[in-house]
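**Student:** What follows is the residue order along each chain.
Protein chains: 4
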Amino acid sequence: MSKGKVAALVGPKKVEIKEFNLPEVQPGAVLLKVRRSNLCGSELHIWRWHHPVIKHAVLGHEMIGEIFELGEGVTTDYAGNPVSVGDKVVPAYYLTCLKCRSCLRGDFNLCQNAYAFWSQPPEKPPHFTGTFATHYYVQPNQYFYKVPDSVPDAVAAGANCGLSQVICGLDLAELRNGESVVIQGAGGLGLYAVAVAKEKGAKVIVIDKVKERLEQAKAFGADYVIDLNEFTTLESRSREVQKLTEGDGADVVLEVAGVPEALIDGVHMIRPGGRYISIGNVNVSKEFEVPVAPGLITRKCAKIIGVVRYNPWYLYRALKFLERNHARYPFDKLTDKEYGLEEVPEALQKAENRVVTRAAIVPNK
Amino acid sequence: MSKGKVAALVGPKKVEIKEFNLPEVQPGAVLLKVRRSNLCGSELHIWRWHHPVIKHAVLGHEMIGEIFELGEGVTTDYAGNPVSVGDKVVPAYYLTCLKCRSCLRGDFNLCQNAYAFWSQPPEKPPHFTGTFATHYYVQPNQYFYKVPDSVPDAVAAGANCGLSQVICGLDLAELRNGESVVIQGAGGLGLYAVAVAKEKGAKVIVIDKVKERLEQAKAFGADYVIDLNEFTTLESRSREVQKLTEGDGADVVLEVAGVPEALIDGVHMIRPGGRYISIGNVNVSKEFEVPVAPGLITRKCAKIIGVVRYNPWYLYRALKFLERNHARYPFDKLTDKEYGLEEVPEALQKAENRVVTRAAIVPNK
Amino acid sequence: MSKGKVAALVGPKKVEIKEFNLPEVQPGAVLLKVRRSNLCGSELHIWRWHHPVIKHAVLGHEMIGEIFELGEGVTTDYAGNPVSVGDKVVPAYYLTCLKCRSCLRGDFNLCQNAYAFWSQPPEKPPHFTGTFATHYYVQPNQYFYKVPDSVPDAVAAGANCGLSQVICGLDLAELRNGESVVIQGAGGLGLYAVAVAKEKGAKVIVIDKVKERLEQAKAFGADYVIDLNEFTTLESRSREVQKLTEGDGADVVLEVAGVPEALIDGVHMIRPGGRYISIGNVNVSKEFEVPVAPGLITRKCAKIIGVVRYNPWYLYRALKFLERNHARYPFDKLTDKEYGLEEVPEALQKAENRVVTRAAIVPNK
Amino acid sequence: MSKGKVAALVGPKKVEIKEFNLPEVQPGAVLLKVRRSNLCGSELHIWRWHHPVIKHAVLGHEMIGEIFELGEGVTTDYAGNPVSVGDKVVPAYYLTCLKCRSCLRGDFNLCQNAYAFWSQPPEKPPHFTGTFATHYYVQPNQYFYKVPDSVPDAVAAGANCGLSQVICGLDLAELRNGESVVIQGAGGLGLYAVAVAKEKGAKVIVIDKVKERLEQAKAFGADYVIDLNEFTTLESRSREVQKLTEGDGADVVLEVAGVPEALIDGVHMIRPGGRYISIGNVNVSKEFEVPVAPGLITRKCAKIIGVVRYNPWYLYRALKFLERNHARYPFDKLTDKEYGLEEVPEALQKAENRVVTRAAIVPNK
Ligand SMILES: [Zn+2]
Ligand SMILES: [Zn+2]
Ligand SMILES: [Zn+2]
Ligand SMILES: [Zn+2]
Ligand SMILES: [Zn+2]
Ligand SMILES: [Zn+2]
Ligand SMILES: [Zn+2]
Ligand SMILES: [Zn+2]
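Residue numbers (the numbering used here), protein chains in the order written: chain A, 1 to 365; chain G, 1 to 365; chain V, 1 to 365; chain W, 1 to 365.
Source of the hints: derived by calculation from the structure; they are not laboratory data.
Some clues are possibly wrong.
For chains that are exact copies, the list does not tell them apart, and a pair is met inside one copy or across any two.
The calculated lysine-lysine pairs, modelled on DSSO-like cross-linking and capped at a C-alpha distance of 30 Å, are [claimed, not checked]:
id, residue 1, residue 2
1, LYS286, LYS209
2, LYS99, LYS320
3, LYS365, LYS320
4, LYS5, LYS365
Could you build the full structure based on these sequences and the hints that come with them?
**Tutor:** Right, dumping it as structure tokens:
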């Protein structure tokens, strides 16, 4: 029986590589060989043992793999395309249970059992529940899609997290061509958002404090950037956004910064009747609270919309988006360093120290 | 030339009755004789001189009147119905300029010139710019509608403020039949909201701290009430809402309480993916801020929607709503005391002292 | 091993009762004991051998059953409610494959594999693929919901076909309170539609040619009825609808008549900008074509919306609708005669001869 | 007093140039000097005396002008931008009365008084009611917008008819990036539609029978074209669309062909759940009827949406669209010949004979 390896968290900032027999593939499931997996910020959060639940766990969730074994009854991906061993695919990193109260409303992005199989303890079968591993086990009812041939691994590996989510978020914003969108934060999600908003014909303004990121934002098509080092007050930033939007304020603000104060900035920056999409802020404890006057929301007729994950078919749209556009943007520069599976501890430490910004794990190289 | 009178604010809590010649009616305008005008909470706010701009001003905005004189070219109301002198009508209390940046988007409720003629200094022509007066001057492009014959004055007088706004708010909530709606606050707007939500087939839960108001809410059809004296913590209230909604949380929370903390309550009370409609909170200064974790909005996929005024045709819908439903609800009990025009100072003082809760001015009785 | 029986179509209008061993219940599947099954019009269509594909087949699709055996892993229904043997449930009559091009867009009502297991030849396992049978086999990924205790069998049995579909159709019409809806056809679907539209606060006008049906429509809450025997021309019907809608025309027309000419009537009856929901017409061959001037659709800014089946969670909403409302409407009179399983041939023949209008099969009585 | 001239229809295909005193400009109105006016197909229709109402009339409706005189109270355009004499502007060619039953619903594109002042008999004041004239009188409540400096006259002149309408139509189609849109007809509207759909990130397929038009469609960015001379049957065209859309059928079909059969083609070409936007077909008489099986609409869950005119603020969006994009597309080649005012009869005759395809009138050259 074949074996595979996983990078498992065994204590705070402590990772070990462990070996297990490859699991038997149940009907409806699929076993993948991991081709490439990104080191996303939420992995660092888990690695520091800050996550409330995930402690002993196989790490990794952003990935592209190839089909290693198909469970009984699996003949197509979730777009109806025939699949066979060796095909490159990307899975949603969460489950769609169909049976919880959120699935009951068609809100699959809110499935209350989404993480039932995510990053489990390594000893627990089927072992391969994270993507920092040689293999990854896709559960029945876990969506996956074939990757278009023309899309390189380095580009596809981020599709199942950030890209799908910003496409979903900008759809919820009902962004129309000619509208202005301010993107708070030029990290991976922010850069994706620039490209997606540009394809929708929007005017794009990006805010960040890191010069290199603002440069990247421009390379991704941002029409304007606002450097937080230059515009240091809420007032100056709001004024700048107004100036860049013919005095209106932004039609849409998309938050992918993960900074609570961004909410206040955003509500000030939108025009009357504008929309604010909240993606990056996910912490709910006291220290992440900011003071908000509800009257501001009322008077502005603001629409504030929270977005968690994405309906799973957005992953398909993300892959099609990449197929259409990857050559037009420097997607391949989003990761700056590759590591083997044994180097996962090093990759995490370097990401923590900000020596690398976006590391990729290539476990089978 | 005929004369008329207005109740004018001339200092903090200082009202004088003043007499003026009736104005010449310009093309497109209409002069009304006021039949009845409600004393709405925002009038008290102005009367205390707390309003940032309105100081010396004719008071009053909720009203029903009858046509006294039609300006040249006015042959119908804004529903295309022919009008003539003596017809009972209700005007929107604000203008639709058609030419500002909000009107440019069809967001007439956000018209930036909405208040260009509202509650002007009494000496300024056309003098009759408030409804605590014998007459009221309806500007060109100020929407007005005939009142259905069957709707009594006491019922119609509140249509152009609270009722239109809650109908608009519940439409923005895209409330569907069978959904649950929590209404924060059982004042005038809250009671209207109960009736509107019930007509939409919703399950209605009302929260307030005044026993009489909760009783009224039941009379208007509320399925459940939550007494703030009994449920004194955020946790207990959220738990109660969950209990009343099969464990889900509310599909919609509608805030008409004017209490900033209601936002926090509301975001906790809605189900994942639920909507929060903010109407009552309109103050934006520091003391009206409450601590909010943006991550809570993200994680819940909450939709927070501010609502100011209403698209002017909602006033027509409000009148049709009353035509269909007024006999089924105790709308006529929403005002508890009538005053003549000379008694406006007394009415305001009594409202301030909470001796009366909802006073009506009947200036021509 | 236990046995069960099915009523199987073996030739044109030829039905035989056949006995089979009860199937082994696969993981994710459920075996039901049928409590009651309605004889819906589409069954007659199949029975006459007019269906293009279904020839040798177990009959029946509208039903309520009770859980006889739960497949491995099935612990809840599709609303997350725990289930156990003996619980009353209703299944959607079709599958949701999750993997076809329609499921890819979240259009589960359009699933291209919806009928993969519907009304199969009786010899083909699992045999119990229709509801005119003692038992019925619910496939994995076939939605089913527990029936609220208060809802009688006779009321619940039609939920999974007509009621779910009209709720879905009226949601797609974005019907708002106070709007007018004309319902073309007062059969089972039409009567359901009356009740649903009334709960949404609509003004309801029903058109049919059968006096008893129009009477029933009134009993279900219709505000007005139009008798086709009295209004015999397109012009007279349109005029009547206009008269009943203050000269506007209908906001919405819902077609559940199955008569092609209804489309022409409907497009004439709606107001400019009105919506036409097409449900009853499902035949596409030449003899079902009617002449339409596309310019009429353009000039009216009509929205014509076809509705097939329903997103499966509408079945849950249908059951909740019945829980809220069944006591207010004569739902129990929708079926007028009960038959045992052996009497299915007789029931079909009597339905064909219109001796009974809506028969119910009670196979285990 | 200054004088101006108009090209007036005085009989079938009979045009005379007439001179009148320039009208006094009423409060709220604006008098324009016409810079350029396109000869749109509907003018030919009128010129042939085929229009049911317009017989003796000043011709012309697509135009760009400059402000000649501002009526009292007019200080801005309908985007709130200050205006003064000499500014280049474009008016909507119809009125928004605010008071009819359609305006009552915010459906300004359906205003029932839209044409109250359009193409009146020349003798009737204010005489300048068409744009084939030296001057044009913009009524109060007739929307107009300043033209961005960078947009040439030849590009702006078509904004107030075709371009605004297709932007509106594609918004109603809720076209999303990555979706496919088939455009039926590559005339002026069709070419505009290509550009608009491309800016929205769509995949665009254009159908026409004229080789030059298909070439132009490609120049405007069409991804694929279908030549009706090559694909001569409904089946072959549907198959080709399916082939170009990965087997799905088109997400959206936009009809700007004015050919009734296009409806049938379109309903066959869309995917299940697709949208069909009807713009070009506007005739309603018997000879424009085509046979349609309503069941096809039902089974496909098609959405058929008629679009007349546009909400007036779409004209502003059209001008902003041109400002962003005019340099990227050969908009300036959409008109192929310029005529002076005296040459209007010749221009009409040449257009009728298809000697020129899109003529422009430059009346003050
Ligand atoms: Zn991630
Ligand atoms: Zn779920
Ligand atoms: Zn008020
Ligand atoms: Zn305005
Ligand atoms: Zn049925
Ligand atoms: Zn499917
Ligand atoms: Zn035109
Ligand atoms: Zn109008």
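**Student:** If a hint holds in the structure, say so; if it does not, say that too.
**Tutor:** Hints and how they fare:
1. For the identical chains of this complex, LYS286 and LYS209 are neighbours both inside a copy (25 Å) and across copies (27 Å), given an alpha-carbon limit of 30 Å.
2. Taking the closest pair of Cα atoms, LYS99 and LYS320 come within 30 Å of each other both inside a single copy (29 Å) and across two copies (17 Å).
3. Proximity of LYS365 to LYS320 under the C-alpha cut-off of 30 Å is restricted to the intra-copy arrangement: shortest distance 27 Å within a copy versus 51 Å between copies.
4. Taking CA atoms no more than 30 Å apart as the test, LYS5 paired with LYS365 passes inside one copy only; the shortest distance there is 13 Å, against 59 Å between copies.
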